[in-house]
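Each protein sequence line maps, in turn, to chains A and B.
In terms of this note's numbering, the first sequence opens at residue 1 and continues consecutively.
In terms of this note's numbering, the second sequence opens at residue 1 and continues consecutively.
Keep in mind that the hints are not guaranteed to be accurate.
Some chain B residues flagged as far from chain A (calculated, every beta-carbon gap over 12 Å) [claimed, not checked]:
1. Trp32
2. Asp37
3. Phe61
4. Tyr167
5. Val168
6. Val172
7. Ala174
8. Ile181
9. Leu187
From the structure, some residues in chain A lie toward chain B, with a derived Cβ separation under 8 Å [as the list claims (entries may be wrong)]:
10. Leu63
11. Ser114
12. Arg142
Simulated DEER-style distance windows between Cβ atoms [to be verified]:
13. Thr92(A) - Asp180(B): 41 to 49 Å
14. Leu116(B) - Phe162(A): 45 to 53 Å
15. Leu112(B) - Arg318(A): 41 to 49 Å
16. Val198(A) - Leu256(B): 50 to 58 Å
17. Pro322(A) - Val108(B): 55 to 63 Å
18. Ile90(B) - Pro118(A): 22 to 30 Å
19. Pro3(A) - Gly102(B): 40 to 48 Å
20. His284(A) - Ile90(B): 57 to 65 Å
21. Leu256(B) - Gly153(A): 39 to 47 Å
22. Val108(B) - Gly153(A): 33 to 41 Å
23. Arg111(B) - Arg318(A): 34 to 42 Å
24. Phe162(A) - Gly102(B): 35 to 43 Å
25. Ser199(A) - Arg111(B): 52 to 60 Å
I should point out that these hints are in silico values taken from the structure, not numbers from a laboratory.
Glycine is no exception: its CB is placed at the ideal position from the N, C-alpha and C atoms.
So you can see what is in the structure, the chains are spelled out below.
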Amino acid sequence: MQPDVLLQVTGLRKHFPTRSGLFHTGSAVKAVDGVDLTIKAGETISLVGESGCGKSTTGRSILRLIEPSEGEILFRSRAIGGSSETLVNVATLSSSQMKLLRREMQIIFQDPYSSLDPRMNVADIVGEPLRIQGVLTRAERRDRVIHLLEAVGLGGDHAKRFPHEFSGGQRQRIGIARALALTPRFIVADEPVSALDVSIQAQVVNLLQDLQAEMGLTYLFIAHDLSVVRHISNRVAVMYLGRIVEIGSSKAVFSRPQHPYTEALLSAVPIPDPDSARARIRLHGDVPNPSAPPPGCPFHPRCSYATAQCREQVPALRDAGPDQQASCHRIEELTLAGINDH
Amino acid sequence: MEILRRYACDRVGLFFGIILLGFYAVAITAQWITPVDPFETNLSEGLQPPSAAHWFGTDQFGRDTFSRVILATQVTAKITTVSLLFSLLIGVPIGMMVGYLGGIADAVVMRLTDMLLIFPTIMIAIIIVVVVGPSQNGVIIALGLSQLPNFIRIARSAALSVRRELYVEAAVAAGASWPDILLRHILHNISGPIIVKSTLALPGFVIGASSLSYLGLGVQPPTPEWGQMLHEAKDFLTNAPYLIVGPAIALSLFVLAANMAGDSLNESLDPKLKGRRIKRIVPRLTGRIATS
Numbered sequence: 001m002q003p004d005v006l007l008q009v010t011g012l013r014k015h016f017p018t019r020s021g022l023f024h025t026g027s028a029v030k031a032v033d034g035v036d037l038t039i040k041a042g043e044t045i046s047l048v049g050e051s052g053c054g055k056s057t058t059g060r061s062i063l064r065l066i067e068p069s070e071g072e073i074l075f076r077s078r079a080i081g082g083s084s085e086t087l088v089n090v091a092t093l094s095s096s097q098m099k100l101l102r103r104e105m106q107i108i109f110q111d112p113y114s115s116l117d118p119r120m121n122v123a124d125i126v127g128e129p130l131r132i133q134g135v136l137t138r139a140e141r142r143d144r145v146i147h148l149l150e151a152v153g154l155g156g157d158h159a160k161r162f163p164h165e166f167s168g169g170q171r172q173r174i175g176i177a178r179a180l181a182l183t184p185r186f187i188v189a190d191e192p193v194s195a196l197d198v199s200i201q202a203q204v205v206n207l208l209q210d211l212q213a214e215m216g217l218t219y220l221f222i223a224h225d226l227s228v229v230r231h232i233s234n235r236v237a238v239m240y241l242g243r244i245v246e247i248g249s250s251k252a253v254f255s256r257p258q259h260p261y262t263e264a265l266l267s268a269v270p271i272p273d274p275d276s277a278r279a280r281i282r283l284h285g286d287v288p289n290p291s292a293p294p295p296g297c298p299f300h301p302r303c304s305y306a307t308a309q310c311r312e313q314v315p316a317l318r319d320a321g322p323d324q325q326a327s328c329h330r331i332e333e334l335t336l337a338g339i340n341d342h
Numbered sequence: 001m002e003i004l005r006r007y008a009c010d011r012v013g014l015f016f017g018i019i020l021l022g023f024y025a026v027a028i029t030a031q032w033i034t035p036v037d038p039f040e041t042n043l044s045e046g047l048q049p050p051s052a053a054h055w056f057g058t059d060q061f062g063r064d065t066f067s068r069v070i071l072a073t074q075v076t077a078k079i080t081t082v083s084l085l086f087s088l089l090i091g092v093p094i095g096m097m098v099g100y101l102g103g104i105a106d107a108v109v110m111r112l113t114d115m116l117l118i119f120p121t122i123m124i125a126i127i128i129v130v131v132v133g134p135s136q137n138g139v140i141i142a143l144g145l146s147q148l149p150n151f152i153r154i155a156r157s158a159a160l161s162v163r164r165e166l167y168v169e170a171a172v173a174a175g176a177s178w179p180d181i182l183l184r185h186i187l188h189n190i191s192g193p194i195i196v197k198s199t200l201a202l203p204g205f206v207i208g209a210s211s212l213s214y215l216g217l218g219v220q221p222p223t224p225e226w227g228q229m230l231h232e233a234k235d236f237l238t239n240a241p242y243l244i245v246g247p248a249i250a251l252s253l254f255v256l257a258a259n260m261a262g263d264s265l266n267e268s269l270d271p272k273l274k275g276r277r278i279k280r281i282v283p284r285l286t287g288r289i290a291t292s
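Given the sequences, and given the hints that come with them, work out the whole structure.
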């Protein structure tokens with residue numbers, strides 16, 4: 001593993017068993033089906049895809065909020081093994097080691113309404129990770145909470161209030177303050193702005209970027225809003241049916257997509273230009289049932305470029321340009337439309 | 001505070017709530033407020049009808065029924081409170097735990113409670129009293145155990161609905177252990193339904209305690225208990241019917257008050273139900289006037 005890599009995921013799988021009837025065990029829903037992901041320290045990598053493609057499951061599996069069925073999650077940890085950096089496999093850590101590691105990996109949730117306990121005041125919510133980890137005394141904790149609230153743009157006078165007294169954007173700031181309480185290095189942001197108004201989205205995205213610059217954070221940014229993704233990320237990974245179908249630098253993926261699915265996703269991004277003559281690509285049909293994915297390329301039933309080969313062979317993720325990889329048989333033949341910079 | 005304010009708006013609830021509190025006030029101070037010693041026998045004044053000296057008359061031994069009803073309030077309150085605590089303190093932690101953790105423990109506990117729920121409460125109580133022996137403690141264990149499944153179930157279902165909340169996941173992400181989550185988040189958020197269930201279960205406990213004592217399986221003489229007093233009074237029903245009045249009124253009023261107060265509490269804890277009971281009663285009354 002290269003020295004600038006913070007987290008490396010290899011062959012991550014999460015299968016949820018489906019059960020029908022009393023004793024008959026059915027097949028499994030392959031929510032995440034073999035994801036490889038390398039995240040460099042200090043970068044923002046976005047995971048995009050439509051609902052149910054497994055992006056949230058991937059993020060939660062990395063934090064072991066969901067137990068992954070298979071795979072290796074290597075993380076360069078400082079909390080485990082003293083001050084020096086130790087490479088640990090998150091997937092196999094014991095629960096006491098996992099508790100230590102949680103100081104370095106945190107999560108920001110999508111829904112700022114359900115993510116704050118309605119019966120706790122803001123000081124208790126933000127201070128909760130500190131209390132659980134037992135790292136500070138009560139007085140130190142209080143000071144730290146006020147410092148955190150100020151860092152996310154709230155005031156110390158908000159500390160004694162309850163979540164229902166805040167707006168969605170403010171609640172999301174509280175959630176961000178809680179994630180920052182343990183000064184983590186890696187944060188999974190699970191659609192952190194999807195539930196907010198567009199005007200508030202920009203504020204929260206900017207806050208996340210400022211905090212990243214200030215604290216040297218690394219983000220795994222899960223989203224479906226490509227405009228936000230384009231604004232915030234260094235690299236983008238596109239997921240379809242539990243797999244990454246394209247990954248690369250944000251610029252490359254947006255301007256020169258190499259996978260037809262990415263092209264379709266990009267064509268749905270609104271462009272603020274009434275004269276733009278871009279054609280919207282409409283995908284036909286639904287996402288296939290993830291417990292019974294189609295043979296060959298999982299995208300072929302909806303792909304307008306599909307050939308006989310696509311129906312039979314599963315394409316592997318391969319190089320498709322400088323700093324870009326895609327899993328498509330026809331990378332070389334196809335020229336796909338992206339979004340050009342203005 | 002908000003809940004108390006909303007509760008106070010419901011006049012019916014307020015009225016019966018005060019009566020219920022009154023019962024407990026009487027229960028706590030019973031030793032000091034009885035006009036006559038409830039155990040003092042005076043055979044020459046046996047089976048006296050109600051008078052200024054003896055409001056509810058006297059029983060066959062000349063004991064003052066009014067004083068005995070007051071002391072019985074204490075006995076009943078003690079039995080019901082302790083058995084309520086018994087099922088609450090055992091049932092709620094078990095229910096929360098299996099609800100949050102799920103899996104095999106959940107399945108086993110749920111099937112056990114299903115089995116207990118098949119039998120009528122009073123039948124379980126009788127079996128337990130037969131095993132433990134007729135006594136005050138026997139009644140407490142019997143009632144506590146018979147209500148245990150209800151409390152396990154309500155705590156479990158409440159925990160089930162809370163455990164998928166994101167703030168629980170946030171606590172897990174911060175490294176919280178499951179007992180910590182149960183204590184800090186789940187208990188916090190399920191206390192409402194449990195308080196309501198407790199108030200609504202109270203009349204059941206009272207009727208259970210009195211029924212067992214009436215059947216001679218509970219509180220033993222000479223200790224007074226409403227059911228036990230009714231049991232003694234039934235032998236003199238024809239020549240001293242006034243003996244049943246005191247315990248019967250106390251029992252009915254307590255059950256009614258606890259039910260009504262529990263209903264109001266339920267409504268004030270759940271804003272969605274607000275005022276529904278009033279709405280339910282009023283059209284019924286106006287409908288009756290219209291048809292007559």
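Cross-check of the supplied hints:
Remark: the non-interface label on Trp32(B) is consistent with the geometry, its nearest Cβ contact in chain A lying 40 Å away (cut-off 12 Å). With 12 Å as the threshold on Cβ separation, the claim that Asp37(B) sits away from chain A holds: the shortest Cβ distance comes to roughly 49 Å. Listed as outside the interface, Phe61(B) is consistent with that label: its C-beta sits roughly 55 Å from the nearest C-beta of chain A, beyond the 12 Å cut-off. At roughly 4 Å, the least C-beta separation between Tyr167(B) and chain A is not larger than 12 Å, which violates its mark as non-interface.
Its closest Cβ contact with chain A, about 8 Å, brings Val168(B) to no more than 12 Å, contrary to its assignment away from the interface. With a least beta-carbon separation of about 6 Å from chain A, Val172(B) fails to lie farther than 12 Å from that chain, contradicting its non-interface assignment. The claim that Ala174(B) is not at the interface with chain A is violated, since a C-beta of that chain comes within 12 Å of its own (minimum 4 Å). Annotated as non-interface, Ile181(B) brings its C-beta within 12 Å of a C-beta of chain A; the closest such distance is 10 Å.
Non-interface status of Leu187(B) relative to chain A is broken: a Cβ of that chain comes within 12 Å, the nearest being about 10 Å off. Because the closest C-beta pair between Leu63(A) and chain B is about 6 Å apart, less than 8 Å, the hint holds. Interface hint at Ser114(A): satisfied, since its Cβ lies 4 Å from the closest Cβ of chain B, which is below the 8 Å cut-off. The interface hint given for Arg142(A) is broken, as the beta carbon of that residue sits about 17 Å from the closest beta carbon of chain B, more than 8 Å.
Under the hint 41 to 49 Å, the C-beta atoms of Thr92(A) and Asp180(B), about 24 Å apart, miss the expected range. In this structure the hint that Leu116(B) and Phe162(A) lie 45 to 53 Å apart at CB is violated, the actual value being about 39 Å. At about 57 Å, the CB distance of Leu112(B) to Arg318(A) disagrees with the hint of 41 to 49 Å. In this structure, Val198(A) and Leu256(B) meet the distance hint of 50 to 58 Å, their C-beta atoms being roughly 56 Å apart.
Here the CB-CB span from Pro322(A) to Val108(B) is close to 59 Å, well matched to the stated 55 to 63 Å. Checked against the given bound of 22 to 30 Å, the beta carbons of Ile90(B) and Pro118(A), roughly 28 Å apart, stay inside it. Under the hint 40 to 48 Å, the C-beta atoms of Pro3(A) and Gly102(B), about 42 Å apart, fit the expected range. For the pair His284(A) and Ile90(B), the supplied restraint of 57 to 65 Å holds, since their beta-carbon distance comes to about 58 Å.
Between Leu256(B) and Gly153(A) the CB atoms are about 55 Å apart, so this pair departs from the stated range of 39 to 47 Å. A hinted range of 33 to 41 Å is violated for the C-beta pair Val108(B) and Gly153(A), which are about 50 Å apart. A hinted range of 34 to 42 Å for the beta carbons of Arg111(B) and Arg318(A) is inconsistent with their spacing of about 53 Å. Between Phe162(A) and Gly102(B) the C-beta distance comes to about 30 Å, which lies outside the given range of 35 to 43 Å.
Restraint check, Ser199(A) to Arg111(B): a C-beta distance of roughly 53 Å satisfies the suggested window 52 to 60 Å.
The structure fails to meet hints 4, 5, 6, 7, 8, 9, 12, 13, 14, 15, 21, 22, 23 and 24 from the earlier list, while all remaining hints are met.
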